[in-house]
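Visitor: The lines below spell out each chain.
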Amino acid sequence: MAEVSAGRTGSSAAPRAVAEEKRLNMVQALNEALADEMARDETVLVMGEDVGPDGGVFRVTEGLIERFGNKRVLDTPLAESGIVGSAIGLCVGGFRPVCEIQFMGFIYPCLNQLCSHAARLRNRSRGTFAVPMVVRMPYGGGIRPPEHHSESYEAMLANTPGLKVVIPSDPYEAKGLLIASIRDDDPVVFLEPKRIYRAFRQAVPTAPYEIPLGEARVAREGSDVTVIAYGAMLQVALASAKKAEAEGISVEVVDLRCIVPLDVQTFVDSVVKTGRAVVLHEGPRTCGVGAEVAAAIGENALLSLLAPVERVTGFDTVFPGALLETHYLPHEERVLAAIRRTIDY
Amino acid sequence: MPITDVYSATTRRIEILDKDGKVDEALLPSELDDATLQRALELMMRMRAFDEKALTMQRQGRIGTYGSMRGQEAAQAGLALAIEPDDWLVPSIREQGVLEACGVPMRHWFGFCKGDERMAVFPGVNALTPSIPVGSQLLHAAGIGMALELRGEATAAIGFAGDGATSEGDFHEALNFAGVFNARTLFFIQNNGWAISVPITQQTRSATIAQKAHAYGIEGVQVDGNDVLASYVASRDALRKVRAGEGPVLIEAVTYRMESHTTADDHTRYRSADEVAYWAERDPIKRMRAYLEGRGLWDETRHEATLKKLGDDVEAEVARLEDNAPPPPTDIFDHMYSAMPETLRAQRQALLDEIAVRGGNGANHG
Ligand SMILES: Cc1ncc(C[n+]2csc(CCOP(=O)(O)OP(=O)(O)O)c2C)c(N)n1
Ligand SMILES: [Mg+2]
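First to last, the sequence lines map onto chains A and B.
Just remember that this note's numbering sits 157 ahead of the position in the first sequence, which is counted from 1.
Just remember that this note's numbering sits 2 ahead of the position in the second sequence, which is counted from 1.
Calculated directly from the structure, the hints in this document are not laboratory data.
It is possible that some hints are incorrect.
Said to hold, decoys possible - Okay, the calculated bits of chain A under chain B, using three or more residues with CB under 8 Å as the criterion:
1. 182-194
2. 396-403
3. 469-482
4. 490-497
Built from N, CA and C at the ideal position, the CB exists for glycine as well.
Please work from the sequences and hints to get the whole structure.
Guide: If you want it as structure tokens, here you go:
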């Protein structure tokens with residue numbers, strides 16, 4: 158099995174030691190990861206609402222039921238608690254289910270199963286039982302949908318000990334992180350930035366590869382300020398970095414990849430180098446991931462700081478309706494203004 | 003130690019008007035005079051006119067995602083004829099028809115579909131905002147029904163949901179609470195055969211949804227949901243019982259979702275054209291029109307005149323929708339709490355400052 162180096166740095170044009178690649182968007186990359194893992198390990202199941210003939214409402218599971226049959230792909234009744242709760246039982250019974258929750262806004266019915274049991278069974282049973290499940294879900298704004306279809310509540314899940322929280326930022330990342338999540342022996346919540354599901358294609362190795370959980374990456378090198386982001390906001394960070402460059406500001410961008418486990422070292426190293434930090438996410442501000450990152454910088458890089466850590470985040474409000482969505486979502490100008498504040502401090 | 007049967011139940015189904023427009027005269031309610039029968043048809047035609055306009059406007063980008071109710075007009079119109087002005091409506095996302103019939107201007111539903119949150123509040127009726135998390139609203143209907151029972155008010159709370167919603171835990175908890183507390187609640191379940199791509203046969207192993215009510219000790223009845231007369235009769239009887247505090251009721255209206263789940267869905271991926279054609283034959287409007295024509299209560303001239311008037315009403319409503327100025331950006335913040343916390347006020351001010359720096363009127367940036 159060909160594995161590629163996980164520690165991608167610099168531009169996406171950096172050469173990789175792989176023979177075969179295809180240009181895929183994120184939906185296709187995720188679909189390939191699921192198909193590869195189902196082919197490799199027959200205990201891997203896919204389950205959720207509309208994941209069968211419909212291929213999932215975003216088509217991430219397209220073609221899987223045709224290829225693997227309805228004993229490997231379970232089109233479930235409409236019940237999130239049923240999906241995650243029965244997946245825990247399936248884990249105990251020897252399977253590795255990959256559950257799909259249709260939108261992050263619909264996880265509430267399954268939080269009891271996810272937080273009270275999936276996150277705790279290993280500890281409660283002193284390691285006797287494991288819950289090697291993945292719970293995939295599209296998250297975040299940018300598609301102007303009805304209420305409950307834009308939530309970005311990763312902090313809530315990251316605050317639940319026992320869960321891992323993984324958020325890919327591009328197709329290459331998506332495939333490698335999903336494969337690693339499926340192979341992981343603990344419950345992983347896998348948040349998919351629906352806004353960039355089909356936004357662009359990228360060279361993705363045909364062979365399966367893992368990106369280890371808990372290793373952040375430097376997505377762009379720079380020397381004046383570090384922008385720390387993940388998921389859909391990574392593209393916003395990169396675009397802001399480009400604009401800043403035109404103003405003579407050199408921006409380094411760190412892609413967290415995982416909120417849990419959080420790779421503190423990578424962003425602390427970067428901030429020690431640049432002396433300035435902007436944390437960027439679309440979820441609400443209060444007790445958000447930005448607060449955790451800022452605290453870690455305070456603990457580990459205080460004397461390197463030339464300016465207070467800036468947070469660019471969603472507001473502490475309900476995600477607004479389609480007409481006001483663009484006011485809510487962090488955008489390049491907002492990030493750029495924060496970058497300038499750290500320089501001008 | 004004898005072995006005995008401790009419980010058994012049967013589930014009734016009501017059909018009055020068949021697919022060809024023939025009525026079972028013995029079941030025809032006597033209070034339905036000619037004008038009311040005509041109104042039943044007009045209500046359904048009105049729902050369809052608004053529905054067709056919404057689909058067109060979605061294609062033109064004038065509203066966002068829209069879930070059509072085409073095919074479900076009889077279920078909703080029959081119920082509407084039995085609703086009293088004080089009754090509470092607790093809708094999900096396919097109840098625009100019954101809301102319209104109860105007096106909610108459809109620009110509110112269209113505005114809701116545009117993402118204008120000011121519009122999801124329905125004037126002139128006792129109605130909650132539409133609930134998108136499937137099934138969750140049924141507990142609110144149970145709770146309102148509990149409030150009515152506690153105060154002894156002769157009013158009903160009507161909770162709406164689809165077939166798929168009956169798989170959620172909240173559906174079962176709602177029925178149980180309603181039963182235990184004798185809530186003045188009617189659960190109106192439109193079984194339209196599909197929950198997005200999942201057919202009812204894969205949603206449950208039960209033969210009917212109505213029978214699920216029996217497990218909670220409450221009455222459950224099934225009706226032909228494409229028969230406006232059956233829907234009316236079942237709703238009338240259920241609401242009388244509910245308002246009198248004689249126990250909650252569940253109605254399962256068996257109907258069909260003629261369009262895709264919403265405009266974001268493509269139903270040809272998972273169901274056959276034959277199945278859709280089968281249900282087109284059973285169209286609720288077609289059969290009621292045939293019945294009324296047979297009785298001399300409807301004809302081509304009246305039909306055309308009705309369509310013309312409905313067209314005018316729809317256009318007038320759309321004009322009022324599109325006259326609305328968009329919400330100000332501060333709308334994001336202003337309804338979060340009764341008193342705004344200081345941290346939120348700071349975020350609100352930061353947005354206003356950002357807009358001022360950008361210049362202009364706060365219009366969306368690109
Ligand atoms: C808790 C929750 N899970 C998933 C969804 C996504 N979703 C919206 S409608 C729907 C199907 C609903 O089917 P049904 O209850 O039969 O109502 P219908 O759409 O047919 O009127 C699904 C899965 C949701 N809105 N809420
Ligand atoms: Mg349905």
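Visitor: Next, verify each hint and record whether it holds.
Guide: Hints versus structure:
no. : hint    : in the structure
1   : 182-194 : violated (count 0)
2   : 396-403 : violated (count 0)
3   : 469-482 : holds (count 10)
4   : 490-497 : holds (count 3)
Going down the numbered hints, you'll see the structure goes against 1 and 2, while the others check out.
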